[in-house]
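Listed below are the residues making up each chain.
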Amino acid sequence: MEKKEVTLMKGNEAVAHAMIRCGADAFFGYPITPQSEIIETLALLKPWETTGMVVLQAESEVASINMVYGGGGAGKRVITTSSSPGVALMQEGISYMAGAEIPGVIVNVQRGGPGLGTIQPSQSDYMQATRGGGNGDYNVIVLAPASVQEMADFVDLSFELAFKYRNPVMILSDGVIGQMMEKVVLPPIKPRRTEEQIAKECPWATIGRPSSREPNIMTSLELKPEVMEEINIHLQEKYQLAKDTETRCEITDCDDADYVIVAFGSAARITEKSMEIARKRGIKVGLFRPITLWPFPEKELRKTVAGKKGILVAEINAGQMIEDVKLAIGNSLPTAHFGRLGGIVPDPEEIVNALKTKLIDNE
Amino acid sequence: MKKEIIISGFGGQGVLSMGKILAYSGLLEDKEVTWMPAYGPEQRGGTANVTVIISDERISSPILSKFDIAIVLNQPSMDKFLSKVKPGGILIYDGFGIINPPARKDITVYRIDAMDKAAEMKNAKVFNMIVLGGLLKVCKIVSTDGLNKALYKTLPERHHKLIPLNMQAVEEGMNLIEEVK
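Protein chains in written order, with the numbering used here: chain L, 4 to 366; chain P, 981 to 1161.
Treat the hints loosely; a few may be bogus.
[Claimed, not checked] The calculated label-pair distances, taken between Cβ atoms and stated as ranges, are: (1) P:Tyr-1132 to L:Ile-220: 52 to 62 Å; (2) L:Ile-192 to P:Tyr-1132: 49 to 59 Å; (3) P:Gly-1068 to L:Ile-347: 46 to 56 Å; (4) L:Thr-360 to P:Lys-1085: 27 to 37 Å.
Quick caveat, the hints were computed from the structure, so don't treat them as lab data. Note that the structure is a prediction, hence the values are computed from the model and not measured. The beta-carbon is built from N, C-alpha and C at its ideal position, and this holds for glycine as well.
The task is simple: from the sequences and hints, build the whole structure.
Right, here's the structure in full:
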């Protein structure tokens, strides 16, 4: 067997390596802290000289996402990366992609907001990511990496999901996961798809019309409401299929736990340490980590928390995922939230203290 | 074995690269490693710190409230991290620029005058390697051999000629560090 090479790199660097290795056709993006290492690493690796992948610094995030729209429409594997204020600018394009059923991948290495906010880490774009973010009834599949390894692994997975559902897929990371260095085994090298493969796998793509069929048209515009309703119903059926089949989560030490902490991404990593501390103090606590934030792993959560004494939702925001937790479990259990705002990242002790003051002491 | 380390000083002192070399040495010895910088708009002269965790087991949080080892290289870092060393832990500091030396009795304190030594060696850039040598003397997290290999792996080839000088700085640091009682 081929020996896997273990390297040390930042989450951002891992994303850049992974996109080249998984056969991405193009990257369009604009630098912004804390994700600039992605475009910097691409510039260093020069994939246009090896795989032929296009790397282009666009004039803005609005331009980037519309370049993704164009490339995705031609059946290409295209990706853009940014951080919160930049991703806010992209929302129109993402909505248009969902409407026109164009696959593409967006990476958001979140920083604190609102507005230009701060360059420090945050998870405050949860709602924007999981509720579509732009106009119209649509959803984006959202994956939340909690390690550098997952930053690398989720790139190819996102492309697979994007093409399976013909829909944008977002990797919702943050400044902690983007900036930290860890061991990573880079994904295997896949060649870029040939024009013939794209024509075969993406019959909908706008890659030149053979005389055998009508033109493919990629648009989100439809002026007849009865047709537009049909299109929306079709989209909703797709989203339902994703809800039924694509939920992912990681459940740690919940079997014997009295309390469950629900956390995603970097907050889940911090919570792992909180669990160690709490268990040393005799508090039995487990961790439920949603990996897909949309679709949210509702069924898995309901099953995990059944019979527990309470749930703490730990997020680096003012309380966003807690709404999905409550939608999933109703009022069946005491549920509290803990978060830090504006770029402050909580330390493990703070989460243990919140568990104590917000749940245990209130019993 | 699990060591949770904070290295903190001025930007430009080589704090982040010292952490990176340490983490890479750990990786070469098949350990789990995490390197988490406090990133910001700071440049040379501002504050910089990095958390390095080296462990035999899977690492949980990259963000920590307490540390086994703190390496503090200026007064603001001392003010911030002295209280965050676990009881029984280690604090290493460079005497240069420290106005208030640490007064805790429940930790082991070491002093290493690496700034002076680097000046004596007429090479300010080896400052961080002197400190790293001191760390490895008092806590053998990784071997010097592993460190040497890590330098060859992390530095671009055009800088490989400088590695013997860096390893000499590590050696100097090992001889220089002393416990403050």
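Each hint, compared with the structure:
1. P:Tyr-1132 to L:Ile-220: 52 to 62 Å: Between Tyr-1132 of chain P and Ile-220 of chain L, where Cβ atoms are some 57 Å apart, the hint holds.
2. L:Ile-192 to P:Tyr-1132: 49 to 59 Å: violated, 25 Å
3. P:Gly-1068 to L:Ile-347: 46 to 56 Å: The hint (46 to 56 Å, Cβ to Cβ) is violated, given that Gly-1068 of chain P and Ile-347 of chain L are roughly 29 Å apart.
4. L:Thr-360 to P:Lys-1085: 27 to 37 Å: Check passed, 32 Å falls within 27 to 37 Å.
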